[in-house]
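Novice: The lines below spell out each chain.
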Amino acid sequence: MHIPDGYLSPQTCAAAYAVAVPTLAVASRRVSAVLRTKQVPLLAMFAAVSFLVMMFNVPIPDGTTAHAVGAVIIAIVLGPWAAVIAVSVALLFQALLFGDGGVLAYGANVVNMAILMPFVGYAVYRLIAGRSALTATRRVVAAGLAGFVGINAAGLATAIELGIQPDLFHTAAGAPLYSPYHLSQSIPAMALAHVIVAGPVEAVLTAGVFGYLVRANPSALAATHPGLSGEPSSSSTPSRPPGLLSPARVAVGFVVLLAALSPLGLLAPGGAFGENAPDDLPLADLGLDAIPAGMERYAGFWSHTLLGDYGFADGQNATLAYWVCAVLGIAIVGIAVYAAGRLFVWTTRGRSGRTPVQVHS
Amino acid sequence: MTARVLKPAPAWLVSSEQPIGTGRVGRRKRAAFLEKTPGDGAEVVRRAMYAESADPRGDRPGVLFRIDPRIKLVALVVLLLGVALVHTPVTLAVVYLGLVLLAWAGGVSVGAFVTRVWLFVPLFTAVALAPATLSVITPGEVLVPLWTWHGAQEGITSQGLTSAGLVILRVACSVSLVLLVTISTSWNRLLAALGALGVPRIFVMVIAMAYRYLFVLLGSVLDMVLARKARTVQPVAHTAGDRRFVGAAVGTLLGRAGHLSEEVHQAMTARGYAGQHHTLTGFRASGMDLLALAASLMVAVVIVGGDHLLR
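Chain order of the listed sequences is A and D. Each step along the first sequence adds one to the number in our numbering, with nothing skipped, and position 175 is 214. Each step along the second sequence adds one to the number in our numbering, with nothing skipped, and position 178 is 184.
Treat the hints with care, as some may be off.
To be verified - Straight-line C-alpha distance at most 16 Å; calculated EDC-like pairs for lysine to aspartate or glutamate: (1) A:77 x D:229; (2) D:42 x D:229; (3) A:77 x D:268.
Simulated from the structure, these hints should not be mistaken for laboratory data. For clarity, every value in this text was computed on a predicted model and none was experimentally measured.
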C-alpha cells in the first residue's frame, strides 16, 4: 500500500501534505501535553514497534504469509494521536532508508496509513466495544473488526488517490501521466486484495495482539482504557466512551465526509440509475412503444417543490440557486444526523441512567 | 554503530533449510512464517547498513558526499518536483542517464546504484502497469492488435505504452534521486538537516531514537522467532496456533517497548533531560553548496522547460 513517487501527480501530493502536516502538528501538541518529558522515548519505542510490526509475517492458511500494518492495534494501545506519530515515523524510515514509498508521496502515505487507518480503526473499536468489560470477547471481536475496517479505509483512500490520476492528468493524446488505472479499476482491485487478504490478516493481528495483552499484560492497555479492569464495569465507575462520538461531532464529521466525497460523483462516468424523467427514457432500448401509463400519470404527482430542478421558481440566478440548494441540502443532512444522534443519546441515557463523563485525555 | 547490538543469527537458523527433526520433506510448505520473519529481519539490517554506509570510493570522498545535507534535501525535493512535472518519456530517460552520470561523478559506486533501482522497478512497477497498456484500460490508437470485441480492434495502445514508459521512468528517476541522497549522507547528518530545515526538534529526536532502538527491538523479535523455531520439530502448518504465536509475539514486543521507554526515560532524566533538545551538528553552507543549490534549481527548470519544447 506504500505509494512510490511517480504514481501521483505533484498536485495530489501537495493536497495530501496539506492534510498530513497540520494533522501531525496537532498530534504532536496533543501527545506532548499529556506525556511531557516521557513523550520522546515512548513515541520513539512505539515508532520502532510500528516499523517492526510491518515486518512480521502473519501465517495464512494457504501456506503463504502476509504483512500487516499494525496502525490500529497501536491506536488501541496508545490512542489514535500517538499512533499518528508512531506510524508516520515508521513510514519515514521506510521512505528514506528502505525505499518503500516515495518522498513526494510521503504525505499521501501518511494520510492513508498513519491518519485514516488509526482513526477509523479506533472509532470502530470504541463503537463496537462499547462499555463491555476489558476481558469480554466483544472487545477482541471489536479489535479484529477495527483492524479489518481500518486497513480497508486506508486501501480505499489509496485506490481513490490513484484512481483520480488518469482522468485529471493525461497528455493531449490521452496517455495517463501518472497511475493509469481509473477509479472503476483501482477501487475493485484494492477492495478485492484488502477484503480477502490484507483485511483478515490485519484483523487476525489486531485481535491476536489485543487478546494477548488482555490476558498477559493488561497494564499496557491502561492509557486508552481508563477505569477498566477485568471485571464488568460496576455502577460506581462510569466507563462510558468519552465525548468522541457526540451527536454534534458525528453530524459535522458526516457533513465533512459528504463534502469531501461529492467531487467523486462529478468524476464518475455514467448517470444515476432510475432517475430519468419519463420524457428522457430511452424507450427504443427498453423495447417500449410509449411511456408506461402509470409512470405517465404519477410522474407529475407532486409539483409544489420549493426549488424545482435546483433553481428558483422564476428561473433567474441559476448559479446562485444551485449554491443555495447545495448549502441547504448539506445543512438538512447535517441537522438530520444531529437529530438522530440526539435521539440515540437520549434513548440510551434513559436506559443506563447516567450522564456521559469525559474521561479520556 | 547501531547494528552492532544484534547478535548475528547462525546461518543454519536464518537459511530456509528444513527445521531440525524428522519433518515430512515432501509436504513442507514454502515460505513458512518462521523462516520468512528472520529473513526479513536480516534484510532490514542489510539495507540499513547499506544506506548508512555512506562509503565513497577510494580515500577522497566524491562531490556528492561533501555537499551540505540541507542543500541535498532541498535539491532532492526540487528535482523530484521537476521529474514529477515531465510529460514525455524521452525527457525522463535523459534525466535518468544524467543521474547515473551524477552518481559516477559524485563518487557513488554505479553498479550497485543501478542494480538497486532496476531490481525494484521491474518487479513492482512494470508488472503492475502491464495491464494498463491494453486498450480496455487505456483507450487509444491500437499498435499491437490482440483480439476483437464487437468488431473493434483491441490490444496494446500507443497511449498505454507511453503511459507505462512515463510511470516506469518516473519511478526509476525518483527512486534514484532518493537513493543518491541517502547513500551519500549519513543518517545522523540527514536527521540534523531535517531539523535545520524546520522539522520540529521533538520529531527529529523521536525519529533518531526510534531508529536507534529499532535494532534493539528487532533483536528481541528475532530472539522470539528463533526460540520458537528452535522448538519446532515438525513443519509449520499455519494453524490458528501459529497465528496466536504472532499475536503473542507482537503483544510481547509492545510490552517490552513500554518497559524500555520507561527505562530510557529514567536514564534521560537522570542525565538532566528536561524536555529541551540540543544537537551537535552545526551546518555552514560553503560556496560549493550554494553552487550545487543553484545548479539543482537550474536543472529542474531545464527539465521542465525542455519537456515543454518536446511535447
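Novice: Against this structure, judge whether each hint is valid.
Specialist: Hints, one by one, checked against the model:
no., hint, in the structure
1, A:77 x D:229, "27 Å, violated"
2, D:42 x D:229, "14 Å, holds"
3, A:77 x D:268, "8 Å, holds"
Of the numbered hints stated above, the single one contradicted by the structure is hint 1.
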